[in-house]
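Sequences listed follow chains A and B, in order. When the letters of the first sequence are read in order and numbered with the working numbering, they come out as residues 5 to 345. When the letters of the second sequence are read in order and numbered with the working numbering, they come out as residues 1327 to 1513.
It is worth saying that the hints were derived from the structure and are not from the lab. Where a beta carbon is used, it is the ideal one built from N, C-alpha and C, also for glycine. Hints should not be assumed to be uniformly reliable.
Stated by the list, open to error - Cβ-Cβ distance ranges computed for the label pairs, FRET-style:
#, chain 1, residue 1, chain 2, residue 2, range
1, B, Ala1337, A, Asp159, 24 to 34 Å
2, B, Ser1511, A, Leu319, 53 to 63 Å
3, A, Asn187, B, Ser1511, 16 to 26 Å
4, B, Tyr1406, A, Ala80, 19 to 29 Å
5, B, Thr1343, A, Leu41, 43 to 53 Å
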Amino acid sequence: MQNVYLQEVQKMPDIVLQNRQAGRFSTIRDTYVDKILEINGVEDAFARVQGSYTFTQANKRFDIIGIDPFDAQHLAWLDAVVQDGKLTQGKMYVSVQLKTLLAHHYYKKSFRFFTPTLYTVDMEIVKEIEAPQTKPFIAVMTQEDAQKIFGYRADEFSDIALYLSNQNELPQVIAKLQTLYPNAKIITKEDMKVAILQRFDLRKGVFVTLFLVSLLTFFMIVSDKASGLSSAERKEIGILKALGWRVQTVLQARFMESFIIITLSFAIGVTMGVLWIALFDAAILQNIFLQTYEAPLHNLALNINIKLLLLVFLLSAPVYIAATILPVWKVAVMDADEVLR
Amino acid sequence: MGEKIHTARCASLNANTFDAYDALVMALREQHLCGKLSAKHREALAVYLWDHRKGAKEQYFEKLTVTKEKKCPVCGMYLYKYPQWVSKMQLQGKVYYFDGIKDMMKFYFQHNATSNAVLRVQEYYTNKTIDARKSYFVVGSDVYGPMGDELIAFEDKHKAQQFMLDHRGKQLFDFTQITQELVRSLD
């Protein structure tokens, strides 16, 4: 999941400028976009209209993005909408999941939005689009329509997005932006990445706790094994020795047995984990990382860290095998009749 | 954006019929030659039409790209790790790629390259490929290339001067002022 979010951040603008008023997020004017474009190192800068709309009937929020069809689009899926050529005022493109949700509430061909001042804006649903995984419920429309729905004036926007042609110029561009927009909050791509990592690191604690519990259980099993063999196991070794088995052969047999057990159980555990993600999209476990308003992600790409799996295996398998072999060796070196007594 | 509006709304409009940029903008605003446009769209269209009228030529060179095997002939560094610093020289039918303008100039002086050598560098701000002979260079700034102190290239003098202010550059040269001693002093 973390990888999905980080990959989405990679496609985002290098800098996002948000206005602050009385310490809260506020709209921003596009008055200085031309001045921003003159800053050396800035490849593109444009004002954006985007936000979320609460669909009260369904008790759900979905995202709205307003785009200018004549603007160059940096995201492939938005570019596909523009290339389709049908985006005009009064029309919108919706994601597959949003279309299903609207249809479920009898909005099959159009949807009525309520503005903050309780005027209505009717939008015709033109087509379904392939939305990014992190935004399954999304509607794309013209900037003018999005401004009407959010109650923005024609010169008000949600934020200003900047793309840099030279990443080395980031500190200089930020310094110049601060003089143009002293009240604005400047969010870089690095800030967005850090926010996502923090969110996941915090919630990964659940899994660290589960891991510690599993580790404790593992060491309890190991210490039980290492404390000695049961009388049945001692008799088994005694009989094998009486039949002529050498110490080496007994140890080899027990080594293979414990190796097969540890390897098989490790493989079954990893396979179950992979299948849980691949077939069930990490159901239930995903909810640990989602915010209350976010929908679960689907078709999660597997991200198997082979080195980490190998490390866990190499830390646990030798310990288990050693704990099994040592007591066997202690018994195997004794005389057969002494063991059977 | 201007190109998109031109193609969609008024592909037949010819900017050569206007003597000045302001006349074009006024015509677009008052005569609605491309339909009703917002101020932003009108300006984008006017800039596009003015830049692409007949006679207004901007030279475009292909982007400098290197494969993973390419090495700088001066220092032996692999170039794919520093794509924004790659520069190119064509000399006597052979093409050489360098990990910065400093190494390219060292090679230039070592081989007594003449005006026949084709020199291409990347503009610092835009990473656009430009002709080194028509460019301006700043030295002594706080921007370092893969080989340390570097000659930083700019398409126009104004951008070079702005860079000097932003990055504490010490000196500004055009191509003819670059000497072997200057290049050696950057090491």
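Hint by hint, here is what the structure shows:
1. Ala1337/B / Asp159/A: 24 to 34 Å: Given range 24 to 34 Å: holds, Cβ gap about 30 Å.
2. Ser1511/B / Leu319/A: 53 to 63 Å: holds, 56 Å
3. Asn187/A / Ser1511/B: 16 to 26 Å: With Cβ atoms ~45 Å apart, the hint is violated.
4. Tyr1406/B / Ala80/A: 19 to 29 Å: The hint (19 to 29 Å, Cβ to Cβ) holds, given that Tyr1406/B and Ala80/A are roughly 25 Å apart.
5. Thr1343/B / Leu41/A: 43 to 53 Å: Violated, since Thr1343/B and Leu41/A (Cβ atoms, about 28 Å apart) do not stay within the stated range.
Consistency with the previously given hints fails for numbers 3, 5, ordered from lowest to highest.
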